[in-house]
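> Protein chains in written order, with the numbering used here: chain A, 38 to 696; chain B, 10 to 195; chain C, 12 to 304.
In short, the hints are calculated from the structure, not lab data.
All C-beta atoms, glycine included, are put in the ideal place defined by N, C-alpha and C.
Incorrect hints may have been included.
[What the hints assert, rightly or not] Residues of chain C clear of chain A, computed beta-carbon distances all greater than 10 Å:
hint : residue
1    : Glu-41
2    : Asp-52
3    : Gly-85
4    : Glu-111
5    : Gly-143
6    : Gln-180
7    : Glu-181
8    : Pro-199
9    : Leu-202
10   : Arg-215
11   : Arg-216
12   : Arg-221
13   : Leu-229
14   : Lys-234
15   : Val-292
16   : Val-293
[Claimed, not checked] Below, simulated DMTMM-like cross-link-like pairs (lysine to aspartate or glutamate); rule was C-alpha separation at most 20 Å, straight line:
hint : chain 1 : residue 1 : chain 2 : residue 2
17   : C       : Lys-118   : B       : Glu-30
18   : A       : Lys-65    : A       : Glu-638
19   : A       : Lys-340   : A       : Glu-354
20   : C       : Lys-118   : B       : Asp-97
21   : C       : Lys-118   : B       : Glu-191
22   : C       : Lys-173   : B       : Asp-20
23   : A       : Lys-334   : A       : Glu-350
24   : C       : Lys-173   : A       : Glu-350
25   : A       : Lys-619   : A       : Asp-605
26   : A       : Lys-431   : B       : Asp-97
27   : B       : Lys-179   : C       : Glu-176
28   : B       : Lys-184   : B       : Asp-97
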Amino acid sequence: MKIGVFICHCGSNIAGTVDVAKVAEMAKSLPEVAFASDTMYACSEPGQEGIINAIKEKGLDGAVVASCTPRMHGPTFMRTVARAGLNPYMFEMANIREHVSWIGKDKEANTAKALDLVRMAVAKLARNKPLFAKSFAINKRVLVLGGGVAGIQAALDCADGGLEVVLVEKTTTIGGKMAKLDKTFPTVDCSCCILGPKMVDVAQHPNITLYASAEVDEINGYVGNFQVKVRKKPTYVDWKLCTGCGACLEKCPSKKSPDLFNEFVGTTTAINIPFPQAIPKKASIDAGSCIKFKTGKCGVCAKVCPVKAINYEMEPEIVTEEVGAVIAATGYDLMDWTVYEQYGGGRYKDVITSLQYERLLSASGPTGGHIKRPSDGKEPKTVVFIQCVGSRDKSVGRPYCSGFCCMYTAKQAILTKDHIPDSESYVFYMDIRAPGKMYDEFTRRAMEEYGAKYVRGRVSMVYPSGGRYVVRGVDTLAGTQVEVEADLVVLAVGAEGAAGAAHLAEKLRISYDSYGFYMESHPKLKPVETNTAGVYVAGCVQGPKDIPTSVAQGSAAAAKVLALFSKDQLQSDPQVSSVDLKRCVGCMKCAMTCPFGAIKEQEVRGEIKAQVIETMCQGCGLCTATCPQGAIQLQHFTDNQILAEINTLLESELEETQG
Amino acid sequence: MHVINLSKTRDQDFINRVERESGQNLSLCYQCGNCTAGCPVTFVYDIPVHQIMRLCQAGQKEAVLGCHSLWLCASCQSCTTRCPNSIDVAHIMDTLRHMARRDGYATEYGVKSFTDSFLESVERHGRAFELGLMMLYTMKTGKFWTDVDLAPAMLTKGKLGFKPHPVQNKEAISKIFKRFREEFAQ
Amino acid sequence: MTTLRYAYYPGCSGLGTSKEYDMSTRAVCEALGMELIDIPDWNCCGSSPAHTVDDRLAGALSARNLVQAGDIEGVDAIITPCPSCLANLKTSRHRLQKPEFRAEVNKLLERPVHGDILPVKSVLQVIVEDVGMEELRYRVRNPLKDMSIAPYYGCIMNRPPKIMEFDSQENPMALDNILEALGATVAPFNLKVECCGASFGVARRDIVERLSGKLLNLAAENKAQAMVTACPLCQMNLDARQNQINVANSTNHVMPIFYFTQLIGLALGFSQSQMGLEKLVVSPRELLAGAAG
């Protein structure tokens, strides 16, 4: 075999602490190496041309590039090698930047280690075999999880692009958090007025199938061919019949049902349509508070329903959908702020969350858009906003900035003045974070035009006294403790991954962080991709973000799916496991450990043998480690190839100790 | 207003000592002010506690050790309990008091005298002897009328004994003080 | 019923300014089936003054008691009624887990600290956790009816939580629950863990007058007829100094300040003098007479 070795300088990134010329020179003496040289930037056009020319001129069978991490340029050089007419798998990469030059300053030691890595790569390449990708057909339907603004945008863009979309929403209506907001910053648009048309589009789009009050039970398969089991939770109302007339709501005698949509400010009827613009505009019954479910008596809704849609016997239903890609857009929830006992921990009725305050501001909210204290219904004259409750607070395990609170707090201070002109607003903040178009100007308006009093510092405690609340904080700029007597206290509570996010991530086989946010594939360059092919993220599921960014991500994820589906067939990665039938004894331990269900039984001449479903295998190698016979091998990472690398490394160790 | 030349007056040795003796990392403080927000004695402070933290970060030894606040901290633990970065601020205040004492600062003479009287009483008897320590305190400060109004009630109710209730092994206690002075000379 | 046995650390104030706390604690614990064995030849824990002077000195003064307690057979914990002693003993124990600190403290001690140290708890904690509210409720003979009492915990009974490891650091409920078990009405009181001015009564009385004044004001505003506390220093400031506070703030509070053990004792059937009620400066006689009638 004739191998070429190319040592990259990466400017001074590598050459600064590795003697690249020496590594190239020494590589020439390795068995099977027919050519070696150093190059300023292997990934540049001239660098790649140099590799291609060497392959052609010297008649090389494979190439080793010693440069950066293969996560950066592995695919680049595989294409280079292919352009020179070789199989792209006749290529190895030695990482002498992240693993060598960036982590040590000792040039001699670095050079020695770089040479070791090159020798290992050569040893492996000598045992590489050409591999060929297979093609498979894809199902051009997409599943969107979560009907907030990001999910709505993704669904509409995919549907407009001609794809069939399945949209699954956990609650009984789409709209998400945005539907709960009164106004949006910095334009002070009515939130539901700008979201409403998009929600209607979802309902009316011929390409969109909407499952509200539904959750994903199970997802199997792989990019291009996922099978999804959707569990439709019983609403006890036949939505095919329900016209959303609302007659049942008016007559329902159980009016103490927790009002989820209104963030538990006040209560609602047990049979309910969350808000006037709900999509689908269908009633559903909260069995937990319905008298019929609790006592067996009542049944008023069934009597008054003009279309006989009520069905107390409704059972959950499982629907199976086949899709080729998934967009997760399940959003966020507020962290459990009741850990802040110093703010009452939920004991004080007039200490509420910002989202509850949105419902008090909203004309479709429980107070008809009049700001009233939950405790006594009185109009507050002094409102204190406390920012960073559950943000930037390591002591409660929330070290990150939730990003949007500064802006919505400014908006709420402005709206408070609009609603109650003789009111005073105080905003306790640590830093104002307003990096967006017209954002900082907006927070200035809150102060300059609306007279919001911004106080720089945290609040240590809130306690009731004389029918009001003493808010004890600090003005660090004045250098003094301050107290405000407030009628209402609004907490800007930080965001965390939506309830159940971790569970769903595991079903989707994607990573998530300790706050329940999903990990994108690359924080800069692959913001809506995940490390599982065919699964994308959009909106707050990945981390807290405001509406325009969520919408942009919804569109971005849709564009990714449309690009994926622009081909009729996908190429499978040939780096998958394969079974040596002669060695396999059919113990099927590999099938038991496979996390992807990619190994099945087959019968070969009356004997049980393992068989790999190549399109489902993700190349993780668990089966290889499990197989007691060494019968199942991961292509491109066979035992022989890896042992060759180790042996080569140990050889040099041995020489050193003997020398 | 005082102008601080950060390049010339930043006392890195002071910063290191505060961090070492308190076991706290000063750079964790992001100046949210929650310590001052909850401090019950801030009204008698000349420098609020969050600014003491700031001055420590800036290595301003003179300003910190010479302030009154150090002596007036009640060790109530509000700051430590509510610090979002879990800094033991109360322990930093204690540490600064230790340093101020060693370096001869005593901006609140009354407080220092009370502390000294208390510990002298303990050194002598092994236990605090309240009437005795009050006498020591009035002698040190010359404030002869301190809490005289409380005396009749306390005496008639038998809450202020005329005699100490010392430990049996007085030497064990006095030696703790003696060894302390020898080992960790002030 | 198995006897609960504890090493008992009375604290210096129990010999003087808080005699009635020590008295009532001993009586009540006995009645609740708890055996208290005084730490032999215990000494002052160092109180606030020691830790403001040096961590090692404070550590050593407390450590001697921890070592002496190790001589008592058959106990699993050291208990003390006083939160200041509790904080010192617990902090010392916590810091002594670090070998470097232990080595320095051992240089000061006649009998050095070796191996494990008994856990330290408050009397309040063991009444809540080891006796339990159900048992307490069962033993009540004279419920404290028609009495609205504000529960005041003081600043260091529960803080910092990493050291004290008992109840909530912001909204503790132990005293609330005890009051409720004794049949009293719990007055709303949201400055449960605010500082009373601590040991500044002598050197800077203005601090105590302002901070304790605030506590008395809030208790009165919330219609409390008395306050209950678990801390000798808080009790001293609120009770003995109540007149000083009234003068400084132009208020006229007449608010009896009980130790929680006194209230338990009354409810269990002890007499007022057995609970040392006559030692309180602000007399509760009228309140108790009113409640009884």
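> Evaluate each hint against the coordinates.
To see whether the hints hold, each was checked on the structure:
1. Glu-41: holds (35 Å)
2. Asp-52: holds (41 Å)
3. Gly-85: The claim holds: Gly-85 of chain C sits with its nearest Cβ about 38 Å from chain A, beyond 10 Å.
4. Glu-111: Given a closest Cβ separation of 26 Å, the condition holds.
5. Gly-143: holds (24 Å)
6. Gln-180: violated (7 Å)
7. Glu-181: Since the minimum Cβ distance to chain A is about 3 Å, Glu-181 of chain C lies within 10 Å and the statement is violated.
8. Pro-199: Violated, because the least Cβ-Cβ distance between Pro-199 of chain C and chain A comes to about 8 Å, which does not exceed 10 Å.
9. Leu-202: Violated, because the least Cβ-Cβ distance between Leu-202 of chain C and chain A comes to about 7 Å, which does not exceed 10 Å.
10. Arg-215: holds (18 Å)
11. Arg-216: Given a closest Cβ separation of 21 Å, the condition holds.
12. Arg-221: holds (13 Å)
13. Leu-229: At about 7 Å from chain A, Leu-229 of chain C fails to clear the 10 Å cut-off, so the statement is violated.
14. Lys-234: At about 12 Å from chain A, Lys-234 of chain C clears the 10 Å cut-off, so the statement holds.
15. Val-292: Holds, since 27 Å exceeds 10 Å.
16. Val-293: holds (23 Å)
17. C:Lys-118 - B:Glu-30: holds (18 Å)
18. A:Lys-65 - A:Glu-638: violated (47 Å)
19. A:Lys-340 - A:Glu-354: Violated. Lys-340 of chain A to Glu-354 of chain A sits at ~25 Å, over the 20 Å cutoff.
20. C:Lys-118 - B:Asp-97: violated (26 Å)
21. C:Lys-118 - B:Glu-191: holds (10 Å)
22. C:Lys-173 - B:Asp-20: Roughly 31 Å between the alpha carbons, so the hint for Lys-173 of chain C and Asp-20 of chain B is violated.
23. A:Lys-334 - A:Glu-350: holds (14 Å)
24. C:Lys-173 - A:Glu-350: violated (52 Å)
25. A:Lys-619 - A:Asp-605: Status violated; Cα separation ~36 Å.
26. A:Lys-431 - B:Asp-97: holds (14 Å)
27. B:Lys-179 - C:Glu-176: violated (33 Å)
28. B:Lys-184 - B:Asp-97: Roughly 31 Å between the alpha carbons, so the hint for Lys-184 of chain B and Asp-97 of chain B is violated.
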